[in-house]
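Full structure from sequences and hints, please.
Chains as they are written, first to last, in numbering that gives the first Met the number 0: chain A, 0 to 274; chain B, 0 to 365; chain C, 0 to 283.
It is possible that part of the hints are untrue.
[To be verified] So, partial list: chain A residues that the calculated Cβ filter (under 8 Å) puts toward chain B: (1) Q4; (2) R5; (3) A6.
[Said to hold, decoys possible] No farther apart than 27 Å at their CA atoms in a straight line, the calculated lysine-lysine pairs in the DSS-like style are these: (4) B:K105 with C:K197; (5) A:K10 with C:K95; (6) B:K71 with A:K10; (7) C:K100 with A:K270; (8) C:K178 with A:K13; (9) C:K95 with C:K192; (10) C:K192 with A:K8; (11) B:K16 with C:K95; (12) A:K10 with C:K175; (13) B:K108 with A:K8; (14) C:K197 with A:K269; (15) B:K13 with A:K13; (16) B:K317 with B:K288; (17) C:K100 with A:K261; (18) A:K10 with B:K16; (19) C:K175 with C:K95; (20) C:K192 with C:K175; (21) A:K261 with C:K95; (22) C:K192 with A:K269; (23) B:K108 with B:K131; (24) B:K125 with B:K71; (25) C:K192 with A:K10; (26) C:K178 with A:K7; (27) B:K105 with C:K192; (28) C:K92 with A:K10; (29) C:K70 with C:K178; (30) A:K7 with C:K95; (31) C:K95 with A:K157; (32) B:K288 with B:K301; (33) B:K311 with B:K168.
For the record, the hints were derived by calculation from the structure and aren't laboratory data. Here the structure is a predicted model, which is why all the values come from computation and not from measurement. Note that CB positions come from ideal geometry on N, CA and C, so glycine has one too.
Here are the chains, one letter per residue:
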Amino acid sequence: MAMSQRAKKKKSLKLLADFYAILIYAIFYIPVVVMMVFSFNDQRNNYYWAGFTTKWYGELFNNHALTDSLWYSVVIAVLATLISVTIGTIGALGLKKFEFKGRRFVNQMLYIPIIVPEIVLAVAILVVFMTVGVRLGMGSILIGHCTFCIPYAVVTIKGRISGDDNSMEEASMDLGANRLQTFFRVTLPSIMPGVMSAAFLSFTLSIDDVVMSNMLAGAKQSTLPVLILSMSRSGVTPDANALTTLMILIIVIAMVLNNYVKSALKKRRKKEVNL
Amino acid sequence: MSDSIVSLQGVHKKFGKNTVVRDMNLDILEGEFLTLLGPSGCGKTTTLRMIAGFEETSAGSITVQGESVENKEPYQRDVNTVFQNYALFPHMTVFNNVAYGLTIRKVPKDEIASRVGAMIELVQLKGYESRKPDELSGGQKQRVAIARALINNPKVLLLDEPLGALDLKLRKQMQVELKRLQKRLGITFVYVTHDQEEALTMSDRIAVMREGVIEQLGTPTDIYDYPRTRFVAGFIGESNLFDGTVKGVEDGILQVKTEAGNLLVSGRNFEVGERLHISIRPEYVEFSKEPVEGFDVPGRVKDFIYMGTVVKTAVDLKNGQEIKYSRFEQDQTIRANDSIYLYWKPARAVAIKWGAIEEERYEEEK
Amino acid sequence: MKKKNRLPALAMAGPVSVWMILFVTIPMFFIIFISFMSRGIFGDVVYDPSMESYLTLLDSTYFNVISKSLKVAAFTTLACLGLGYPFAYYIAKRPKDQAAKYITLIMIPFWTNTLMRLNSWLLLFQTSGPVNNFLQNSGITDAPVRFVYTDELVALGMVTSMLPFAVLPMYSSIEKLNKSLLEASADLGADAKTTFQKITLPLTFPGIFSAIILVFIPSLGVYTVPDMLGGGKVLYIGNIIKNQFGMIRNWPLGAALSCLLIAITGLLIFLYTRFTSIEEMEVV
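In C-alpha cells, the structure reads:
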C-alpha cells in the first residue's frame with residue numbers, strides 16, 4: 000500500500016515520540032537497575048566495581064543493624080496500613096455520604112499532609128509531642144505515618160465511591176439488612192478495589208518514609224530508610240542493595256501473583272456465565 | 000444539474016483488519032443537502048471524517064472542487080465540520096468560539112467583530128456572546144457549533160449527527176431551521192444520521208449505507224417508494240417484507256409464491272423461477288373478508304396499536320409472520336381474532352432482486 | 000418529627016475528623032504560634048512574643064539558603080514540566096488499556112526505596128564509578144570529573160525523583176481532553192502548533208498547575224536529596240529546619256522557616272483554587 004506524505008510524516012513523528020518515551024522510562028529504571036547490579040559488587044563500600052559476588056545476600060542477615068531496622072519498618076508499615084485503611088475507609092464513606100457541620104473543613108485538612116512539605120508537618124507534630132511530653136518511639140512514628148497515610152487512603156477510596164447518594168444502601172436496607180449487614184455485604188465490597196489500592200499506597204508510603212521517621216524516632220531504633228540515610232556519608236554498603244533488591248522482587252512477585260489470580264478468577268467467571 | 004463539489008472515487012478504509020468503508024464512489028453535488036444514513040457502524044461517520052481529513056483513506060481518492068485533498072491536513076481543507084457533541088471550546092466564550100476560525104486566519108479585529116456578530120444573529124444567539132459553553136442549553140450549543148463552522152464560509156459543511164443529543168421536540172425544530180439555513184446560504188451540506196425520519200425530512204438526496212457500502216442513493220421519495228434492497232426497505236420507514244419465488248409474469252405484474260401465500264407485485268426484469276423480496280408499506284396494505292383475485296394471503300387479526308395519528312393493526316399470517324397495516328381510524332367492522340384476507344395494488348408493492356448487494360459483496364471478497 | 004439519626008455520621012466521619020484535628024490542625028497552629036516566640040539560652044522555647052526569628056531569616060546566611068532553595072525548586076519544577084508534559088501526552092494518546100500499563104510502568108520503580116534509588120546516582124557518578132570510567136576510557140577526559148556532592152547531581156536527583164508527580168496529574172488532564180476539540184480546531188484552520196497553544200495548553204492547565212504544586216512544594220522542603228547527593232554540604236531550607244529541631248535547637252527559627260513554607264504553599268493553593276476546586280487535584 001502506498002503511503003501518503005501525511006502518513007509518512009506521522010510515522011516519523013511517532014518514531015520520535017517512541018524514542019522519547021523510552022528515554023524517560025530509562026531515567027526511571029536506570030537507578031533501579033544500578034541499585035540491583037551493585038548488590039553483586041565485591042567491594043565493601045561500593046566505591047568502585049570490584050567483581051561479581053552473591054555473598055551480600057547471605058551476609059545481610061548477619062548485619063543486625065540492617066535486619067532490625069527492616070523489621071522495625073515492616074511492623075510500623077503494617078500497623079500504619081491497618082490503622083490508616085480502617086480510619087480512611089469509614090472516613091471516606093462518612094465524608095462522602097453524610098452532610099455535617101465541618102465536613103468542608105475536614106476535607107480541606109486532609110489535603111494539608113498531602114501538599115505541605117513533609118518536614119513541616121513532622122516538625123509541627125514533634126513540637127506538640129515534646130511540649131505535651133509524649134515519649135518518642137514506635138508510637139510517635141506510627142502516628143506520624145498515619146497522619147499522611149490517612150489522607151491518601153481517604154482520597155483514594157473516595158474516588159471509588161459511586162455517587163453521593165445512599166441508594167445502594169437504601170436498597171439493601173429495604174430488602175431487610177440492618178446497617179451493619181449493609182456495610183459488610185454491600186458498601187464494603189463495592190469499594191474494595193479502592194480499599195486495596197489505599198492499603199498498597201499506605202504500605203509503600205510508610206515503609207519508604209524518611210522525614211517523619213527521622214524526626215519522630217526515639218534514640219533506640221531507627222527505621223530502614225533512616226538507617227540508609229545515615230549510612231550514606233560513608234557509602235551505602237552492598238548488603239543494603241541486596242536487601243532492597245529482595246524487597247522489590249517480593250513486591251513484584253506479589254503483584255504478578257495478584258494479577259494472575261485476578262485474571263484466572265475473571266476467566267472462570269466468564270466460563271460460568273457462558274455455561 | 001449542478002456540478003459535483005466533493006467526489007469520492009474507490010474510497011476504501013480499513014482500521015486494522017476491519018474494513019469500514021469499501022470501494023465507495025460518491026459525487027456530492029454543489030448546493031445539495033446530502034445525507035449519509037445508516038445504522039451505527041455502517042461507515043457513515045468514517046466517510047465524513049475522511050472528507051474532513053481526520054482519517055486517511057486506505058485506498059481511493061477524495062477530491063474537493065476537483066482538487067485532490069490527499070495531502071491536505073484538515074486545517075488546509077475548505078470544508079468545516081459540526082461535531083456530534085458540538086466540541087465547543089469550553090474555555091472560550093460564545094463569541095470567541097465563533098471567532099476562532101477568523102482569529103486563526105489573522106483577520107483584522109473589526110472585521111472579526113462584524114462577521115461574528117452577523118453569524119451570531121443568523122443563528123439567533125444575540126445576547127449570548129459572552130457566555131461560556133457550559134452556561135448554554137443543548138440547543139444553544141448546537142447553534143454555536145453551527146455558527147462556528149460556518150464562519151469560514153466553507154464550500155461544504157459536514158454535520159456528524161448534530162442533533163443526536165437533543166430531545167425530540169427541539170430536534171424537530173432544529174431540523175427545520177437547519178434546512179432553511181442551508182437553502183438560504185446555498186452551501187452543500189453533508190449530513191450524517193442514523194435517524195431515517197430526519198433524513199427523509201431534510202435531505203435532497205440520501206445515501207443509505209450498510210457495512211461500508213452505499214446500498215442506495217436517491218431522493219427521499221425514491222428511496223421510500225422504491226427501495227432497491229431488502230435492507231433499505233426495512234431500514235427506511237416501516238415495511239412488511241416477504242421472501243418468495245416468481246411463478247408467473249403478466250403485463251409487468253409478477254405472480255409470487257411465498258410461505259404466507261400467493262401475492263402480486265409489479266416488477267420489471269424478473270423471470271419465472273427467480274427468487275425475490277417483496278416490500279409493502281403498512282399504509283398500502285388492504286384487507287377484505289373475502290379472498291381477492293390473484294392474492295391468497297389469509298391472516299388472523301392479532302391486536303390494534305394506537306399511534307396517535309394512525310392505528311396499526313397487527314395480523315398473524317399462516318406461516319407465523321406478523322405484518323402490519325395502518326389506517327387513520329380503526330375500522331369498527333374488524334375485531335381481534337377475525338379472519339381476513341390481505342391484498343394491495345400490485346404497483347404499491349416493490350419487488351427487490353434477491354440479495355443483489357450481498358452477492359456483489361461476496362464476489363468482491365472472493 | 001423524628002429526629003435524624005446522627006450516630007452513623009458520627010461513627011464514620013468521627014475518627015478521621017478527630018485524627019486530622021489532633022495531628023494536623025493543632026500542630027500546624029502550634030508551629031505558627033512557636034514561630035512568634037523566642038529562643039531560650041538552652042535551646043528551649045521562651046513564651047515571649049517576638050519577631051526575632053523572622054528577622055533572622057533576612058540574614059544573608061539564611062536568605063541565601065532560601066533563595067537557593069527557591070531556585071533549585073523552580074528549576075526542578077520547570078524541568079519536570081518540560082520533560083513530563085510530552086511524556087504525559089504520549090501516554091494519554093495511547094488506547095486506554097495500554098495507557099494503564101504505561102502508568103503502572105512508571106509506578107514500579109517507585110516501589111524501590113527512594114534513598115537507594117538516589118544512592119544509585121552516586122554509584123554511577125562517583126569518582127571511580129561507571130560514568131567516570133567510561134569518560135576516561137573513551138578518552139573524553141583525562142582525569143575523573145567530580146560529579147558527586149555538586150548542585151548538578153542534587154538537581155538530577157530532584158528531577159528524577161519528582162518527575163512522576165508531574166507526569167501523573169498532567170496525564171490525567173490530557174487524557175480528559177476531548178479529542179474532538181482538537182479536531183474542531185484543525186477543522187477551523189489551526190495547524191498543530193496553534194491548536195496546542197490555543198486549545199490543548201489552556202485546557203490542560205489545571206493538570207499543569209497541579210504538577211507545579213506537587214513538584215515545587217515538596218522540592219522546596221526536601222532534605223533527603225541534598226543530604227544523599229549533596230553530601231550534606233549543600234544546605235537547603237529542609238536541612239536548616241531539620242537542624243533547628245535537632246542538634247542546633249532553635250525551635251522558633253525552625254518554626255519561622257516552616258511558616259515560610261506554609262505561606263508559599265498557601266499562596267500557590269490560593270492561586271490554584273482561583274480556577275479549580277482543590278478536591279479536583281489529582282494527587283494519587
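Against the structure, the hints come out as follows:
1. Q4: holds (5 Å)
2. R5: Holds, about 6 Å.
3. A6: holds (6 Å)
4. B:K105 with C:K197: holds (14 Å)
5. A:K10 with C:K95: Since the Cα atoms of K10 (chain A) and K95 (chain C) sit roughly 21 Å apart, the hinted pair holds (cutoff 27 Å).
6. B:K71 with A:K10: holds (16 Å)
7. C:K100 with A:K270: holds (25 Å)
8. C:K178 with A:K13: holds (18 Å)
9. C:K95 with C:K192: Between K95 (chain C) and K192 (chain C) the Cα gap is close to 25 Å, so the pair holds against 27 Å.
10. C:K192 with A:K8: holds (15 Å)
11. B:K16 with C:K95: holds (20 Å)
12. A:K10 with C:K175: Holds - the C-alpha atoms of K175 (chain C) and K10 (chain A) are around 25 Å apart, at most 27 Å.
13. B:K108 with A:K8: Violated, because 35 Å separates the two Cα atoms, which is more than 27 Å.
14. C:K197 with A:K269: Distance ~46 Å between K197 (chain C) and K269 (chain A) Cα, so the pair is violated.
15. B:K13 with A:K13: Roughly 20 Å separates the two Cα atoms, so the pair holds.
16. B:K317 with B:K288: Holds, at about 16 Å.
17. C:K100 with A:K261: Holds, at roughly 16 Å.
18. A:K10 with B:K16: This hinted pair holds, its Cα atoms lying about 19 Å apart.
19. C:K175 with C:K95: holds (11 Å)
20. C:K192 with C:K175: holds (20 Å)
21. A:K261 with C:K95: Distance ~19 Å between K261 (chain A) and K95 (chain C) Cα, so the pair holds.
22. C:K192 with A:K269: Given that 27 Å is the threshold and the Cα spacing comes to 47 Å, the pair is violated.
23. B:K108 with B:K131: holds (21 Å)
24. B:K125 with B:K71: violated (35 Å)
25. C:K192 with A:K10: holds (18 Å)
26. C:K178 with A:K7: Distance ~22 Å between K178 (chain C) and K7 (chain A) Cα, so the pair holds.
27. B:K105 with C:K192: holds (15 Å)
28. C:K92 with A:K10: Measuring from Cα to Cα gives roughly 15 Å; hence the hint holds.
29. C:K70 with C:K178: violated (37 Å)
30. A:K7 with C:K95: Judged against 27 Å, a Cα distance of about 25 Å means the pair holds.
31. C:K95 with A:K157: This hinted pair holds, its Cα atoms lying about 22 Å apart.
32. B:K288 with B:K301: Judged against 27 Å, a Cα distance of about 15 Å means the pair holds.
33. B:K311 with B:K168: Holds. K311 (chain B) to K168 (chain B) sits at ~23 Å (cutoff 27 Å).
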